[in-house]
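Peer 1: Generate the whole structure from the sequences, applying the supplied hints.
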Amino acid sequence: MTDITAVDQNPRAAGFAISEASVGDYIALMKPRVMSLVVFTALVGLMVTPGHLHPVLGFAALLCITIGAGAAGALNMWYDADVDAVMRRTSRRPIPAGRVLPREALAFGMTLAIGSIAVLGLVANWLAAALLAFTIFFYVAIYTMRLKRTTPQNIVIGGAAGAFPPMIGWAAATGTIGLESVLLFLIIFFWTPPHFWALSLWRAEEYARAGIPMLPVVAGRAETRRQILLYSIVLAPVGASPWLLGYAGLLYGVTAIVAGAAMIGLSLHIMALGDEDEGLRAAKRLFGVSILYLFVLFAVLLIDDLLGAPGRVLL
Amino acid sequence: MPVMDDNNNETGIVLTDEQKRRRRARSIAIALALGALVLLFYVVTIVKLGPGVLQRPL
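Taken in sequence, the protein lines are chains A and B.
Anchor point for the first sequence: position 43 equals 43 in this note's numbering, and the numbering is continuous, going up by one each time.
Anchor point for the second sequence: position 46 equals 46 in this note's numbering, and the numbering is continuous, going up by one each time.
FYI, nobody ran anything at the bench for these hints, they're computed from the structure.
No residue lacks a Cβ here, since even glycine has one placed at the ideal position from N, Cα and C.
Hints should not be assumed to be uniformly reliable.
Derived lysine to aspartate or glutamate pairs resembling EDC-like cross-links, with alpha carbons at most 20 Å apart [unchecked claim]:
id, chain 1, residue 1, chain 2, residue 2
1, B, LYS20, A, GLU20
2, A, LYS148, A, ASP25
3, A, LYS148, A, GLU205
4, B, LYS20, A, ASP25
5, A, LYS31, A, ASP84
6, A, LYS284, A, GLU223
7, A, LYS148, A, ASP84
8, A, LYS148, A, GLU206
9, B, LYS20, A, GLU104
Now the in silico label distances, taken between C-beta atoms and shown as ranges [stated by the list, open to error]:
id, chain 1, residue 1, chain 2, residue 2, range
10, A, GLY265, B, ALA33, 43 to 49 Å
11, B, ILE30, A, GLY51, 31 to 37 Å
12, B, ALA33, A, GLU223, 45 to 51 Å
13, A, VAL86, B, ILE30, 28 to 34 Å
14, A, LEU186, B, ILE28, 40 to 46 Å
Peer 2: In structure tokens form, the structure reads like this:
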């Protein structure tokens, strides 16, 4: 009799699960901070196109790209719940904390993914929808399910998923994939390794405990710092390439050169400092500066485009 | 098999006040999202088709 009462009062034990998720938990599943970067880069990709898209359709396309990114985040959290549970940074996420059931996150993510792709296809065009579908597939099936747990190159290759949004925005507005959108893709692609490896430098122990083969875990912090520098050296000219190839003005060119030099300078700085506390603090600073780098570059590109036609050399 | 029933304390699963509050918040959020989608589809239809939306062969 006691057992029956216990089962009645414990829905999970009886095979039932009463959802305890708040609306905020579902928003958290979509990784709003990642979404904000996606919105911004996609907006720039959409705005700097030579074509014209009605503002309402542009807004709808941007919404679809944002929701698509949220879907990828939810599916990532569904699959990574076991890993998230053992890392301090992620242990309070809705699934490991027990507020959202894995199957709820899966259903939520799939619904958003299918809905956002279909609506983007109807509102903008099917090239943009196909790119969004591929991005979600790449992030979930290639990065989350495969690369993340098997190779220290996980975030290098997986970074492509985060680099697609401006290309999707461009495709939504023009129906094509232009060289300029490829440049925007490359900027984010080469920005991702120094950004995430800077984070992993002071989170290496947590990644090791979770069994994630991040570069500092597999190759050590010294090699990671060397790789950060190498990618920063590649990133600087790639960041300036829209100006070098005549797609952006001098304002953007100067900003990209200064920002690229700052990234290289900070990378050299963390190499010089080594594993001491000061070195890890510098890695945190590089992580913060890298976020600023991408934001500033895309913001100035947008301002530059709004100030006048691309292709000019002087302001 | 227990039945989910808010009003029957003896045979069903009893939701706590917090669970009820969260369920209500989720329901409102879904309603708002659906309402926003209806509005979005309406506006997008008008923008894409313009006045032509009403001019079609019967």
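Peer 1: Hint by hint, note whether the structure agrees.
Peer 2: Okay, the hints, checked on the actual structure:
For the suggested pair LYS20 (chain B) and GLU20 (chain A), the alpha carbons sit about 9 Å apart, so the restraint of at most 20 Å is met. Proximity of LYS148 (chain A) to ASP25 (chain A) is assessed by CA-CA distance (about 24 Å); at most 20 Å being required, the pair is judged violated. For a cut-off of 20 Å, the pair hint linking LYS148 (chain A) to GLU205 (chain A) stands: about 16 Å separates their Cα positions. Distance hint between LYS20 (chain B) and ASP25 (chain A) is fulfilled; the C-alpha atoms sit about 16 Å from each other, no more than 20 Å.
The hinted pair formed by LYS31 (chain A) and ASP84 (chain A) meets the criterion: a straight-line CA distance of about 13 Å does not exceed 20 Å. In summary, the hint linking LYS284 (chain A) to GLU223 (chain A) is supported, as the alpha carbons are separated by about 17 Å, within the 20 Å threshold. For the hint linking LYS148 (chain A) to ASP84 (chain A), the alpha-carbon distance of about 13 Å falls within 20 Å, and the restraint holds. As the CA atoms of LYS148 (chain A) and GLU206 (chain A) are separated by approximately 14 Å, the hinted pair is consistent with the 20 Å bound.
A C-alpha spacing of about 18 Å is found between LYS20 (chain B) and GLU104 (chain A), which places the hinted pair at or below 20 Å, so the restraint holds. Between GLY265 (chain A) and ALA33 (chain B) the beta carbon distance is about 46 Å. The supplied range of 43 to 49 Å therefore holds. Our hint of 31 to 37 Å for ILE30 (chain B) and GLY51 (chain A) holds, since their Cβ atoms are close to 35 Å apart. Separation of ALA33 (chain B) from GLU223 (chain A) is about 46 Å and conforms to the stated range, judged on CB atoms against 45 to 51 Å.
One distance hint, 28 to 34 Å for the beta-carbon pair VAL86 (chain A) and ILE30 (chain B), holds here, with the actual separation near 32 Å. For LEU186 (chain A) and ILE28 (chain B), the Cβ-Cβ distance of about 43 Å falls inside the hinted range of 40 to 46 Å, so the restraint holds.
Of the numbered hints stated above, the single one contradicted by the structure is hint 2.
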